[in-house]
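**Student:** Letter by letter, the chains look like this.
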Amino acid sequence: MVLDPAHGGTDPGARGTGGIRESEIVLDFAAQVRRALESQGFQVVQTRQGNEDPSFDDRSALANAQSGAVFVTLHIASTGLPGTARVYVNSDLPVAADLAGLISWDRAQTPFQGLSRRLGNLVQGLLAQRFKGSPSTAQTAAVRQLRTTAAPAIAVEISSVVVENRADLDRMGPGVADAIATGIAAFRPSYVVPTTSGGTP
Amino acid sequence: MARWIRWVVGILCVLVIVGAIYFPILRRRLRAAAKLQQQTAEQARRELTQVDPGEPRIKAKLFWASGNGDGTLMDSTVELPLSSDPVLRSKQVLNTLLAGPVDADLRTLPPDAVLLALYLLPNGTAIADFSEPLATATPSGIQSEQMAVDSITRTLEANVPKVQRLKILIHGQEVETLAGHLDLTGTFLVNTKGTLVAPVATAPVVTPPTPPNAEKPAAPAPTADKPAAAPATKPSSPKRV
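These protein sequences, in sequence, are chains A and B. Positions in the first sequence are counted from 1; adding 790 to them yields this note's numbering. Positions in the second sequence are counted from 1; adding 36 to them yields this note's numbering.
So here's chain B without its partners, still in its complex pose:
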């Protein structure tokens, strides 16, 4: 046998032995990682189902699908023991939302999805961290993904006035889209009085050509009594094609 063949066979043997030793270790590690993920999800579930018996039962408004098949949502009133703490309260309503309505066809979020964590920043932005099934099991499509997000934002809007905006994370990470369409890189307006969540008024607007702006005026500072999202963006210096 040529010398080089002996070398190749030798190296291959060594590789097989190393692989045989490493394989069970790799399997053990994979199992441990899966278990850890399961534990986090379970822990989140437990934390959210823990109810302080002293908390008063309040009528919460939850948004699930209307069942018309047209992507609209319908509110259902559910009596829940709700905390006065906005973070706990958000978790409680979102968990009930995730648990789903009596009629499973009206679900807006996948049954396996779990809320892993929720934080509330002082500026009113809630950061909700969901488990991976929210991204992998939400049906792909603009309508279905928009419905999933709308059901979350409208439920928060109806029950937790402190939450102004919502940022959605998937397993602690920012992702580009929910399931291929809906943008998750930004934040969603929650307390909008219907600006983002309801279809915007769509009466055709005839825009007269505006004169070119020679100098851009300093943008007026947003005032507290004016909602920031109300003014429409106005293109300046129109140029005819």
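Here chain A stands alone, though its shape is the one from the complex:
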């Protein structure tokens, strides 16, 4: 399991008028998601532990370096109904395999899109049970972080940094962590790593 608390370092991500910074909250959320996943028996790697800002590619590389990984990037939105959470999967890209059947690094998500969608729908369904007003299925967006990730990959975005009190967001932490961990545990039995034809001898 690769957990990605988005932004960090000089990039604070979304900022609320009350001084809430996306980069700080996602780090706290990541710690809770990590505990929930570890209690389900998953091995968890984080793309950042503190206030650093690895590149999109470096974050993806952590998942791409191992077979059978799952990637979850955590975000806090600037918009949306406060108290809701959405899961995004990458937009359907045209297949871009070359003649040898290899997928280029910058389109690494392509063979995993079906799996990502299945995982996204599982997690979104669980989030919708916990946070009223959230959609019932995963949405599609051209999320940069997901494009280069060669694993089932989802972005979870929580609304929003505009809440007056940070406690309103902090209260969502346990529910988000539980939904992600339960969703991934439910996804596990159906996870079959796709390989591109011709990619392996």
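FYI, nobody ran anything at the bench for these hints, they're computed from the structure. Predicted model only: the values in this text are computed from it and were never measured. We treat Cβ as the ideally placed atom computed from N, Cα and C, and that holds for glycine. Misleading hints may appear alongside valid ones.
Away from chain B, derived, C-beta distances all over 10 Å, residues of chain A [said to hold, decoys possible]:
no.	residue
1	N841
2	P844
3	D848
4	A851
5	A931
Now the stretches of chain A that chain B is said to cover, found in silico as 3 or more residues with beta-carbon under 8 Å [to be verified]:
no.	stretch
6	797-803
7	863-874
8	933-939
DEER-style ranges, computed between Cβ atoms [as the list claims (entries may be wrong)]:
no.	chain 1	residue 1	chain 2	residue 2	range
9	B	G90	A	T807	42 to 50 Å
10	A	G840	B	I47	36 to 44 Å
11	A	Q830	B	V114	50 to 58 Å
12	A	G799	B	V44	42 to 50 Å
13	A	G799	B	G208	25 to 33 Å
14	A	N841	B	F59	34 to 42 Å
15	B	A153	A	R961	42 to 50 Å
16	A	D960	B	G55	48 to 56 Å
17	B	S112	A	S894	35 to 43 Å
18	A	T807	B	N104	15 to 23 Å
19	A	S857	B	G208	36 to 44 Å
20	B	N104	A	R825	50 to 58 Å
21	A	D960	B	I53	52 to 60 Å
22	A	Q830	B	I163	41 to 49 Å
Given the coordinates of chain A, assemble chain B onto it according to the supplied hints.
**Tutor:** For chain B alone, kept in the frame of chain A given last:
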């Protein structure tokens, strides 16, 4: 006073003098650069508000926020003098979109953002060059950035049939993301019949394990009557973990 101290003091004095001379020049240059940028934006605004009185007023469909707070868009019909030229027409609708709806809360694009240029390639790809505020003033987030792009692509789709795809540039440059999340390195499908812009059907699909492909068959050439984006990517040779 030691000799080396005299040298250091001397060098510092020279540096201060050089700095004092150079500072006003630097300030002048900065001001000139800012003015130039302002002029480009103003020129773009003027060009886009120039209306040929002979152009017929047509009901254009523009997409702003629905106001539900859930990231959805709502179309509004606005009567505009629209050119029959696809490039001019794209500029006209996008400028109206940038000007924003009557209710400012329903804006999808920052008020300071300006469309600097728009080109249409023969293959139907429109290249829209926006000023920096589009990247710096769009609220950071997947939902907000997706809404901004969706409002542009859906407005183009509804009013300029020639535009098939859209590439977004910021001040003439390709940028990695709009405001930290949404990928701007590729092109967005415009004429999709809803493939990219509307939420894709999400009924759970049970995929039976497919037999490993011994030989990859040659991909069938896309035919004109088949939309290229329709077939889902099918992972081959599944491997159980």
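**Student:** Name the hints, by number, that the structure is in violation of.
**Tutor:** Structure breaks hints 5, 12 and 20.
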